[in-house]
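From first to last, the protein sequence lines are chains D and Y. Just so we're aligned, residue 126 is where the first sequence starts under our numbering, counting upward by one. Just so we're aligned, residue 1032 is where the second sequence starts under our numbering, counting upward by one.
Keep in mind the hints are simulated off the structure, nothing from the lab. Accuracy of the hints is not assured; some may be wrong.
Label-pair ranges, simulated between beta-carbon atoms [as the list claims (entries may be wrong)]:
1. L1033(Y) x I698(D): 41 to 49 Å
2. R1071(Y) x K600(D): 50 to 58 Å
3. A1051(Y) x V430(D): 22 to 30 Å
4. R329(D) x L1033(Y): 24 to 32 Å
5. Y628(D) x R1181(Y): 51 to 59 Å
6. Q337(D) x V1168(Y): 52 to 60 Å
7. A316(D) x I1176(Y): 20 to 28 Å
8. P326(D) x A1051(Y): 18 to 26 Å
9. L1033(Y) x G360(D): 40 to 48 Å
10. Q469(D) x R1071(Y): 32 to 40 Å
11. R329(D) x L1119(Y): 40 to 48 Å
Note that beta-carbon positions come from the ideal geometry of N, C-alpha and C, so glycine has one too.
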Amino acid sequence: MGTNDIKQSSNDHLTTPTRLTGAEIVWATLVGEGVTTVFGYPGGAILPVYDALRKFPIHHVLVRHEQGASHMADGYARASGQVGVAMATSGPGATNLVTGIATAMLDSIPMVCITGNVSSKVLGTDAFQEIDITGITLPVTKHNFLVNRTEDIAPALRHAFQIAQSGRPGPVLVDITKDAQQGTAIFDFAAAKPRAYRPHPMLRVEDSALAQAAELIRNAKRPIILAGHGVSESGAMEQVRTLAERAQIPVTLTLLGLGAFPASHALNMGMMGMHGEAWVNQAIQEADLLIACGMRFDDRVTGTVATYATKAKKIHIEVDPAEINKNIKVDVALVGDLREVLEQLLPRIAGRDGSAWLKTIDSSKGAAAVRDIKNLPDLGHLYAAHVMHDLWRITGGNAIVVTDVGQHQMWEAQYFHHERPRTLITSGGLGTMGFALPAAIGAKFACPDKEVWVVAGDGGFQMTAAELSTIVQEKIKINIAIINNGYLGMVRQWQEFFYGGNYESTPLVSPDFVKLADAHGIQGRAVSTRAQVAGAVESARSAPGTFLLNFMVEKEESVYPMIPAGASLHEMIRRPGHDPLLESPDDK
Amino acid sequence: MLHTFVAYVEDLPGVLTRVASLFRRLNINIISLTVGRSERPGLSRLTLVCEASAEAGHRIRASLYKLENVVDVDDIAGAPAVTRELALIKVAATPRNRSQIFDLVEVFRARIVDLTSESLMIEMTGVESKIEGLIEVLREDEGRILEICRSGKLTMRRGHHTSGVLKAMGAKTEDNADADNEPAEIAKERAVVEPE
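With these hints in hand, go ahead and build the complete structure from the sequences.
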């Protein structure tokens, strides 16, 4: 088959076994798996694959650093629910992917990374740009493959896609030697199908456990649903909502759960955990039943486990058996796909009167709401909370927001109210600074018609700012909001609270981000007062291309409330009643 | 407590690393690990012994199952099982003082498998305590033990088709006798056969 024929009839070889090079097999398999976009960076050991790209209907996005490729594939997966694909060469190309792979692993994101490696004859000889990437990524992938025979490429890739998406999703790496890319083999897409998916043998949804769960829910006086990332991964939004509404149980969300239950819903209490709402954490401590749905009792959610919700019975609905009793001992474990489990549980759930408990929770909100930063008078200070609030208001909450890691991430979670799943993309488990910009590019490719906003701090943005060039080269439109406080803000906050205000290595000098954008041919504007926020957001939205807003916010503002690491949920640090920031001379 | 896991894993490069890496990550020291071919083609069987908290057993088993190349995992826990270890012990022995060793070997039901003018090699199979016993006695003469090579533990559940491993594989179940409900007389008979 001539090389040009492949593109024109790219699906023929998916149905008819054809002799192809290993490089062609890589692309043909990706096409067969439904891949349309790959994020990558070429290099010596992956060159045969890149050479074959022009014959296949796949769009390749050239990144500026391979970490960007893995974050883009991750953002693509989070926004679409499909497997994201990243590609890199051997050695440094492969190692640069690692942070992005670990990010995806910690947040259970389906991703396939393809790396080239040196020829099988010189594997293990420290050849130029050779590195043991399957060894390096072993603990941060669900599985990985080292492929050194052309005929193994298609089966390994197809198996990788199966592993990435099944059970609890996660990243898979396929390392392919250069000689395997160059060799030829008969490509038979159907025959390369992996063995039937084997569910984890310890999945258990016993009738007695369902009955026990239903009984606990029926008898609970102060129940709470804890909804996590598993809700959107499993597509169980309707089921969680039905459970909440039928039994009148309030719902609180983890950071990665935001959007899985509508923020505007009367039963939505908001986010739990370290920077969650005070009344939520208080209610968890008072609860007599926790129904954990697709969440893993992360330490940022529980505080110290010894004092976590000691009055509550716990029901844990979770797809990964290794999570049961890992952090918090539970009374009833329903181990299976959340949506399937809830569908079995719901027929056993009857209507319930939850009004007394809901009233109790509602009345505990009072004090916290008064302290809310949004209620502070406009005395010339620009708070990130105002930016998030306006962003939410003006976009109608319909944008996909991709955040970086730090204070701005928490403010976004507190003040941007997410109504739908996959509208907040954030690195929760690994907490990877530099995630936002590349992940937003990936999200834009997954959802080209959606409005995409990057919300990043001045620190994290600089970690991957080079991807601005990728935006320009790809001619995509996203909006960028930098929350610029001149500090590595969250670290500064910890230094303020726990290290006696010793701001070691947290003051941060940054370039003029608007000029940096301009150097890339990207429009931008600096914003330093509350009154300018709305107009700036509108300009960014209406600009035809990518637009960067540099929000010069209060330098030493902290995220409240906060549970110090290792403290109990009820030991929150609250916003001081008299904010010293409001009492500076220029306020008078 | 001591945990013993029996697992069937695919016989492929790197699989042992994946298993070992799991324990490394959990900061659990592997006390004993034996691997070899099994009755199932393409699958190796391993016996792994480690020290971990009682609650850790569930998580370790669940995490082992998450490894793509792991096919079956059985947590032996306290179930009736036979555990054996093989030891090769090379001791210094001249023609003049050999007979003393021969007597010892007889008492411990071990075997001599190599003999030279300066040394001999003892092969011993048994439970850990028996092997420890022989080594202890041999150590009474300083400098006698030249080398010790121990296989690590091999464990198999007692009874016909009683193991969770085979059950998980959907093996014939009609003659399954659940080890926990083993008739008393059979258990007694086994106790005679296996004096541990």
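Review point. Is the gap between the beta carbons of Q469(D) and R1071(Y) within 32 to 40 Å?
Key: holds, 34 Å
Practice item. Hint says 40 to 48 Å; check whether the CB-CB distance for R329(D) and L1119(Y) agrees. Key: holds, 44 Å
Check your understanding: Does the Cβ distance between R329(D) and L1033(Y) fall inside 24 to 32 Å?
Key -> Holds: the Cβ-Cβ distance is about 26 Å, inside 24 to 32 Å.
Check your understanding: Does 18 to 26 Å hold as the CB distance between P326(D) and A1051(Y), or does it fail?
Key -> Given range 18 to 26 Å: holds, Cβ gap about 21 Å.
Check your understanding: Does 40 to 48 Å hold as the CB distance between L1033(Y) and G360(D), or does it fail?
Key -> Holds: the Cβ-Cβ distance is about 43 Å, inside 40 to 48 Å.
Point to revise | Outcome for the supplied range 22 to 30 Å, where the beta carbon pair is A1051(Y) and V430(D) | key: holds, 28 Å
Check your understanding: Is 50 to 58 Å right for how far apart the beta carbons of R1071(Y) and K600(D) are?
Key -> holds, 56 Å
Exercise for review: Return holds or violated for the Cβ distance of A316(D) and I1176(Y) against the range 20 to 28 Å.
Suggested key: 57 Å Cβ-Cβ, so the 20 to 28 Å window is violated.
Review point. Can the suggested window of 51 to 59 Å be confirmed for the beta-carbon pair Y628(D) and R1181(Y)?
Key: Taking Cβ atoms as reference, Y628(D) and R1181(Y) lie about 57 Å apart, which means the hint holds.
**Study point:** Range hint compliance [Cβ, Q337(D) to V1168(Y), 52 to 60 Å]
**Key:** holds, 56 Å
Check your understanding: Range hint 41 to 49 Å: satisfied by the CB atoms of L1033(Y) and I698(D)?
Key -> holds, 44 Å
In this structure, the one hint that does not hold is number 7.
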